[in-house]
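Please take these sequences and the hints and turn them into a complete structure.
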Amino acid sequence: MSVVALRSRRPGQRWASFGLHGFLIFYGLLTLTPFVWALLTSLKTVREIAVAESVLPVALNLDAYRQILGSEFSTWFYNSMSVALIVTLASVSANTLAGYALARMRFVGRGAVFRSLLLIIMVPAQVTMIPAFLIVARLGLADTHTALVLTSVVSIGSIFLMRQFFINFPTEIEEAAKLDGCTPLVTFLWIVLPMAAPALATQAIFIFMGVWNEFMKPLLYISSIDNYMLTQGLNAAAKQYEKSAAWNIIMAGSIVSIVPILILYIVLNKYFITLNDQTAGSK
Amino acid sequence: MNAGMKTAANTALNSTAVRAAASARSNRDASAAWAFLAPTLLLVAVFMLGPVLFALFASTQKMDLIGGHSQWAGTKNLQYLLDDHKFWAACRNTLRYVLFVVPLQTVLALALACVLNGRVKFKRGFVTLLFLPTLTSSAAMTMIFMWLFNNNGLVTQFIQAHFGITIRFLSDPAWALPVIMLMNVFSTTPHFMIVFLAGLQNVPRNLYEAMELDGAGALARHWFISVPQLAPITFYVVTMGLIGCFQVFDQAFIMSGGDGGPEDSTLTFTLLIYHFAFKTYNTMGLACMLAVVLTIIIVCATSLLNRLVKSEGHNA
Amino acid sequence: MTLAAWQVLPAEKNALQQAIASFTRSTGLTVKLEIIADKYMDVMRSRFAGRITPDVFYLDSHEAPILIRSGVLLPLDAYIGVPNDFYPQFLDAFRGADQQVYGLPKDYSTLALYINTGLLQKAGFSLADVPVDQGSLMDFARRLQAKLPRGVAAMILEKDLARHLAAIESYGQAVIDARGDARLVGNAGALTYLEAFVRGRKGGYVLSPKDDLGADSPGAAFGAGKTVMMMEGNWVLSALRQDYPEVRFVTREMPRINARANTMAFVVGYAVPRFAKNPQGGIRFAQFMTREAMKDWSRGSGTLPSRSGVQAELAATQDAALAAHIAGARYATVWSRGTSLPVLNTNFGNQFQAALNGSIPVAEALRRAQQASNREIERQR
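Residue numbers (the working numbering), protein chains in the order written: chain A, 1 to 283; chain B, 1 to 316; chain C, 1 to 381.
The set of hints was computed from the structure by calculation and includes no laboratory data.
Model, not experiment: these values are computed from the prediction.
Please note that the accuracy of each hint is not assured.
Claimed, not checked - Straight-line distance between alpha carbons at most 20 Å, and here's what the computed EDC-like set of lysine to aspartate or glutamate pairs gives: (1) Lys39/C with Asp143/A; (2) Lys13/C with Glu72/A; (3) Lys32/C with Asp226/A; (4) Lys202/C with Glu364/C; (5) Lys243/A with Glu158/C; (6) Lys39/C with Asp250/B; (7) Lys202/C with Asp172/B; (8) Lys122/C with Glu246/C; (9) Lys76/B with Glu378/C; (10) Lys39/C with Glu63/C; (11) Lys13/C with Asp226/A; (12) Lys217/A with Asp85/C; (13) Lys277/C with Asp143/A; (14) Lys295/C with Asp85/C.
As C-alpha cells, this is what we get:
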C-alpha cells in the first residue's frame, strides 16, 4: 500500500482526476438545485410563487414555517418518529435474520420461499391496498399505530437486499465457526453481523425513510387527527384553499420532513463510505 | 485452513459417524433457518398473502367492492383487457419506461458508486449531496419537474433560446413520458448508488492494489474487480428496478392529473389498475386481472434476467 | 357520532366547530370529527368496503351515483323538511334510480366569469365592451389579445368536461342518454363551441394556465395578473381576496350559449351510510346542518347555502362578487349524471387535450371519447 502511495501520479491521471471531480461537482450542483428551489419557495408568499418573477424571495417570509409548526405539528412529529423508530428496529432485525437464512442456510424449500416472497411484491399495491385494509379492520386495528407497525415491519425488498449481501460474504469464516461448534444463532450474531455493517446501515436508512415518507397507508388506516402521521398532517396543513395548493407550505413541509432522515444518514453514513487514508484491511 | 488440514478433514468426512453428525447439523440448520424466518413468514401470511390471494380470486369476478356483490366472470375480464386500446397503450408506455430507466439507473448508480469509492476528495460531502434526491418525496419532485418543463419553464426556454425549437413537454404525447423517465432516474439513482457503495465496502482493497501495481487503469480495475464482485448486488438493483418501474404510479398520476394523458401517453399499468379499482363502478375484477397480468409480465422479465445474471454470483 | 369531512379549510374550521358545538347543545350527541386529508373518495370507498364507515359524511354530487348504485346509502327523503326550498336540481343530483334522495345538499359552487378590470382598462376597453354571449366573447378575446402585453392572456381555459357540460348540452343533446350511454357525436352546436377554444389556443388568445402560463391553478394565474378573464368557481374568491388583494376584478354571470343562460354547479351534500353505527345520529346531524344551522354555517364559512330561503336571508352579508355565482344557482347544471359521467369525463379530458394541442380535430376527439366511454360503460353494467 505504501508503495502505491509513494508513487507519484502520472500527468494523465491528474487530468482524469480533474475531469472526474469536475463531473461530480456538476452533477452535485444539479441534484442540489431542487432543494435550493424548494427552500427558496418555502420562503416566498403564495403571490410571489404565482407571479414567479424572480428566483429569490423578496423577503424572508417565515409564514409557511409558522403555519406548519403552529398546528399539532409536535403530535404528528412524535407519532411519525415513534412509529418509524420502532419499525426500523424491528424490521432490520427480522429482515436480516430472514435474509441470512435464505442466503446461507440450506433447507428444503429455500428457493420456493425466496421466490414466493419476491412474487408478493410483484403484485401492485393498488389492488392489495383495500383487501389489506379489510384485514386490518377485521383485526380491530383500524385507526391504530399498531396497524402501521405490523404492516411495515416486513419489507421484502430489504430481505432480498440482505440475502444478496450475505451471498457476497466469504464463506470460510462461517465454516470455521461451524467446525468450532458454534450454533447458527451464535455464528450469525457474533461473526456475520459485525461484517454486515454497511448493509445494515443502508437497510436502516431506507426503512426509516420509507416509513417516514409513507402517505397512502396512514391515510387509509388512521382517521383521528391525533393519530396522524407527519405526512398526513403536513398535507392537511397545506390545504389552505379549495382546489389550489399553497406551495410555500408544501415546500416548507418537505424541508422540515427531511431533517430527521438527514440526521440518521449523517450518523450512519460512515459505514458505507471508506475514507481514503484508512488502511482498510482485507476481509 | 491449509492444504494438509483440508485432506485430513476430507478423509474424516467419509466416516459414518461424521456423516451422521453432518445430517444432524443440517437438521439443526433447517430448524434454525425456519426459526429465523418465523416472524417474517407469520407477518407475511397475515397481512400480505391474504390480499394477494384475494386479488387472484377477484380477477375472475365482476365485483363491486363497495356494495359487496360479485359474480363469476371467468375469462371475460381478460378478453376485455386484450380488446382495450388503453391496455395496449399502457403496455407500450410501461415497457418503454422500463427499457429506458432500468439500464440507465443501474449503470449510473454503479458508475457513481465506483467513482465515490475511489480516491475522491470531499467524499462524504459528495455522497451526501448525491443522496439528496432520494429524500424528496415523489410528489414534490414531480411538481418541480413540471415547473421546469412547462411551456414557460427554464428548460423549455433554454431550448428555445439555444436551438430555436419549441417543445411543449408536458402536453406533447411524445415528450410527456420522457420527462417522467428523467425524473425517475434522477430520484432513484442515488438510492441504488448507496446500495452499490455498501456492497463495495466488502470488496478487499488488496485486489485493487494488486491490479494497480500491474499498471491497470481505473476503468480496467473496476471492470474486472468491482463489477464481478458486485454481481449479487447488481442482481438486486436490476430486479428491484424492474419491479419498481413496471409499477410506476405516483409520477404519472400527478403529471397527468390521473387520466393518463395527453392521449394516453402517460398511462401506465398501475394507473389503469387504479382507474378500474377506484374510479369506475363494478370493475374491481378488471383491476385485479390487470394486476395478475402485470405480475406475470414482471415474473417473466425477472426470470429472463435470472438466466443472464445468476443471482448467486461467485460465492454460491 | 362520527362525521367524516375532507380537508377543512381554515375559513370553514371555526364555522364547523361552532355548528358542532350548537348541535351537541341541542341534541346532547357528541361529534367526533374525522378529516381525510387527501384522496377523499378513495379512502371512503375503502371504508365502505371494510364496513367501517362514519355516521355521516360529505359527499360530492359527482361521486354520489356510484355509492347510490352500490346500495350503501340510506334514503333521506323523510328528512328533507319543510319548507323544501332546496334548489331542485341539487336534490335531483342525489336521487337514485328509484327516485329517492340519498344526500341532503349542504352548499354549492357555481362558475362565473371573472374580469380583471385593471388590465382591461389598460388595454383600452371598458366593462361595457365585454359581450354577454359566448360567440361574441371569443371574438372579443381575440381583439383584446392584440392589445395585451407579452405574457398576459385574454382568457384561460380548463379542459375538463366539468366546465363545459352545460354549454355542450345547451344545444339540446344530453351528454348521457336515457340508457346511460355517452352521446357526444352529432352535436353540431357543441362542436362549434369547442372548436372556438381550439382556435383560441392556436391564435394565442385562449391559453392553458398550467401548460402555457406556468401557473398551477387558474386562480393563481388570474391573481398574478397573467390573464384578463377566467371562468372559475367561487372557491377561488377567498384566495383572491387574501393572497392577491391588489387585483381589481368583477364577476359576471357566465356567457349565454344558444341564447340561454348556463353555468355549472358543484354540489356537496351530507349522506348517511347503511352500515353506520349510529345512523340516527348521522341523520339528525344532516338535518340540523341543512335546517337550523344552515344560515350560520353559510355565513361563517363563506359558502353558498343550498336553500333559496336561506339565501334570501343572507343576501346582504355576502361578498359582492358572489352575486353572479348565486344568480347562476337557479339555472345551473349540476355536475352529476349517474355512473357513466366519470368514465366520460376521463376520456373527454384525455382526447380534448389532444384537440387543444392541434393533433386531432375536435370532431375526432369527441368520437374517440364517446367510443372509449361507451365501451367502459358497457363493462360497468
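Structure-based check of all given hints:
no., hint, in the structure
1, Lys39/C with Asp143/A, "holds (17 Å)"
2, Lys13/C with Glu72/A, "holds (15 Å)"
3, Lys32/C with Asp226/A, "holds (12 Å)"
4, Lys202/C with Glu364/C, "holds (18 Å)"
5, Lys243/A with Glu158/C, "holds (13 Å)"
6, Lys39/C with Asp250/B, "holds (13 Å)"
7, Lys202/C with Asp172/B, "holds (15 Å)"
8, Lys122/C with Glu246/C, "holds (15 Å)"
9, Lys76/B with Glu378/C, "holds (13 Å)"
10, Lys39/C with Glu63/C, "holds (12 Å)"
11, Lys13/C with Asp226/A, "holds (16 Å)"
12, Lys217/A with Asp85/C, "violated (42 Å)"
13, Lys277/C with Asp143/A, "holds (16 Å)"
14, Lys295/C with Asp85/C, "holds (13 Å)"
In summary, the one numbered hint that this structure violates is 12.
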